[in-house]
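As given, the protein sequences belong to chains A, B and C, one line each in that order. Each residue of the first sequence is one higher than the one before, counting from 1 in the numbering used here. Each residue of the second sequence is one higher than the one before, counting from 1001 in the numbering used here. Each residue of the third sequence is one higher than the one before, counting from 2001 in the numbering used here.
A few of these clues could be false.
[What the hints assert, rightly or not] In silico BS3-like pairs for lysine-lysine, Cα to Cα no more than 27 Å straight-line:
hint : chain 1 : residue 1 : chain 2 : residue 2
1    : A       : Lys141    : A       : Lys321
2    : C       : Lys2117   : B       : Lys1283
3    : A       : Lys424    : C       : Lys2078
4    : B       : Lys1153   : A       : Lys323
5    : B       : Lys1212   : C       : Lys2117
Derived from the structure by calculation, the hints contain no laboratory data. Predicted, not measured: the structure shown is a model, and the values here were computed from it.
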Amino acid sequence: MNRKALAAIGAAAALSLTLAACGSSSGDAPEDEATESGPVELSVAVWSMDQTPEFQALFDAFEAAYPDITIKPVDILADDYPEKVTTMLAGGDTTDVLTMKTLTDYSRYAGRGQLEDVTDLVTDYPDGKLAGTDGYDQDGKFFAVPYRQDFWVLYYNKTLFDAAGLDYPDHVTWDEYADLAQKLTGTDAAGQKVYGTYNHIWRSVTQAAAQAQNEGADLLSGDYGFLKDQYDLNVGLQKDGYALDYSTAKTQQVSYRTMFETQATAMMPMGTWYISGILQAKKDGKSTVEWGIAPMPQVDDVDQTTTFGGPTAFAVNKASKHKDAAKTFLAFAASLEGAKAISAIGVVPALQSDDVTAAYFALDGMPTDELSKEAFAPDDVALEIAPSDITADVDVILNEEHDLIMVGEKSVDQGIADMESRVKQDVLD
Amino acid sequence: MSVVEAPIATVSLDPPDVPSPGPERHPVRTAVMYVLITVIALGVLVPFVWMVSSSLKNNNEVFTVPTQWIPRDFQWHNYVDIWSRIPMTTYLRNSLFLSLVITFLQVLTGSFAAYGFSKVRWRGRDALFVAYIATIAVPWQAYMVPQYVMLQKAGLVNTFWSLILLQAFGAFGVFLLRQYYLTIPDELCEAARIDGLSEYGIYRRIILPLSKPALASLALLTFVATWNDYMGPFIYLTSNELWTVQLGLKSFVGLFDGDYAMIMTGSVISVVPILVIFLLGQKYFIQGIATSGLKG
Amino acid sequence: MAITAAPPTAPTATSAGSGTTGRQSRRNTLIGISFILPNFLGFALLTLVPVVAAFGLAFMEWDSYNPAEFVGLDNFQKMFGNDTFWIALRNTLYYGIGHVPLTLLCSLGLALVLNRKLRGVRFFRTAAFFPYVTSMVAVAVVWNMLFNPTMGPVNQLLTTLGVANPPGWTSSTDWAMPAVIITSVWRDMGYYMILFLAGLQTIPVEYYEAARVDGANAWQRFWHITLPTLRPTTFLVLILLTVGSFKVFDLIVVMTDGGPGRATLVLSQLIYREGIAQGEFGYASAISLVLFVIVLLVTVLQFRLGERKDR
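Isolated chain A, as found in the complex:
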């Protein structure tokens, strides 16, 4: 190639980098948001609205309360939501409100200065105790306000327990849970195989549970000895055939909903987000399962329920042109009114109040037994994994090693040793 061509390419590169730089500076654009008057159209980035009715419920309630502001949802596909938001922000997009799907994404956007400081909304929160705010604390500042808080419980199939003549899993330990799984495994009347329990393929099933229930355990620390018992338990369950094996679940893309709704499993640890799904399935007549929820099994002290989960939050884009209206929306979503709007469709709000819980259990189709209500009020909800700048990197390694342990390519000890050496070498160094 001749010199001229090279020069031209160089110039082109310089040009496009300048363009890129322009894109990045838009966040610092002069804020000419004076005092807004008249109707405002507020754009809110959400995922798969059809599959996630809470958004529409929230928008309707908000528009009713603030007639001046109309919401324009920016519907993004759930599958690749973080990637799309990352790209949009890189291009200087001005969508006003962004839903924070995970804490990891949140800490990345907040760390880059792409989100507006909304500390006052969290510190001056008027309606009671807002769960899950800890995860959004960035050195005393908050860049997002949680509005829903999911945590893990143990779903169980009442019919299968009754048929086996067993008591419902009322505050059990992991050992008792394993026993129950063994006793519940068998075949149903139609000859379909029934598993005692089902562990979905996510690593949090094993790792977040162990972290939450072991004093001082930290998935970011690089020391993973605390995972051993939980892995031994779950690997044992699938080896003995009391739980569907991980390889099958993964390669067949088994859906946990299918497992529970077709009564192929008697128990299943899963997040509270599934409640709205199961209510819907029963309402539509797609499942006949008689279900209840119980507190997550514990290591030994069953009186103190420790589980894990994660909040979901809204944040204001720093490039937004309607920051005041956006903050109004954040405050509303977290408020008692917002909580009522989403709990009406079976979503667990971040606001914890007796009113909301009572309304929640009054929903059509909710189990009303005491055990389910107790499961709904755990003593402690730990974060699945702490947000930080190394979370994403650690997450990749933990996932890969989890995969290898569960498909049986590595022993539990070997897998844990490899997690430790890889995290220490590639991330902590």
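Assemble the complex: chain A is given as a structure, and chains B and C must be docked to it using the hints.
Leaving out everything else, chains B and C in the frame of chain A:
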């Protein structure tokens, strides 16, 4: 070899009696051939069978272990429901529009450029062509963000323009057509030049008719690629009314779980247009055109 | 760099502008450029410039928001010291070595079988093209099902054939890549079959007739007529396959997502993870620059070999 006798391409819809290598007179051989290709065809169609079968199930019956190949109850209503669950007509129209426009532009500009890269000699041609091929080798993930930033600055994000501009000038089509043009003997062009045809005339009157199979192939492949593209529309089209079929199907996947029965229903519907085009287009790239004006 | 993958039929003498004067060559340049311009404008602006920009980023640290910062070779240093990169590179090469020759053979075979006058041949061609248009989700699910270690038909067949310990396929680190390769060959062969079919159509029927008169058998006709005349097509398919195999992404993501562990993690997936998902665009660009250089070397090598055979 290559003595030009008559630089005219004869196009016939019905190929001559013995159009292909291997005589088919042998009944045994023909039978063996049929068994062979039937086995291949069956093996090849398995996933499609699964797709159709899943589209006739309730969502919670799609991923059962072991697999049910034949649904317990046929949920034919899935094919009715999907039109009201998502604006399928809009999505189909958008996909069709994008695929047609992009295919047309790609074939047009691609064949034009391929002529410039194969039949006209000029300085810098080969260097430029290397640049073309070189970019094919770069994964899109690598330059997706710089590209997005540029189009955002131009105000084209969330319009069809962004996708049309991105995909209509691909290097792939130029490369594919250039390779075919190289198989057309230069003597044909030379003779035409002597006859006083301009380069544009040669392109239109000689090269285009001769490269019909290649143009049909490129059109088909571009159409399919655009029709099935997910990441492009996902990154660039935000408004629901601009969504394509692939995005529409993905909208059945929620945060924690998806409606796979509906996805498969939609997939079956979305494959139909491609099949129609394939069946129509086949005629062109199996036409017995070829350079039958040349004798070796 | 000279790139003339000229087919056997192309003459060696220059065509347009042979015996050029200065003016003529300038005129040719103008004509050439006029042909290329419509495509080139779009291509340069929307592909070339972003690609060059991305390569510039390989020497910078950029999180997509704050201004990029020049860091020299830091990204490359990080990459070469990271075993995930080496694993992904090895997997990518492994995939290519399996995928390219197998797909080439299968698609050529399909095209030869289906390039004849048989009743219903249209249906079979359509069937062969089907995998390419079937939704990726369905492809991944079905093949994972077929490859299921305990109840999948593939292993059941192997057991009947007397294989004592059939492989674990996608849940085994050793067999996951072969499983992916088989699936990819199955998916892509219909696509390249079309290119071969189009190529076969350019072979004059008279060649075969003449050969038959000379008493050549089917194999000889294939070897001396079909194969040489198909050379430009074969070359095209080879290049496309090679480049495509280095960029493989979708299939791996839906079928194994790089697993088990990192057994099927490939470079383009690593680029996506580091860049779009983790926001380290500089580092991701550095990886793509290395990938690019590798593909370029391989492609140039293929061109060179193609050229030598022409002489």
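Output the indices of the hints that this structure fails to meet, ascending. Result: no hint breaks.
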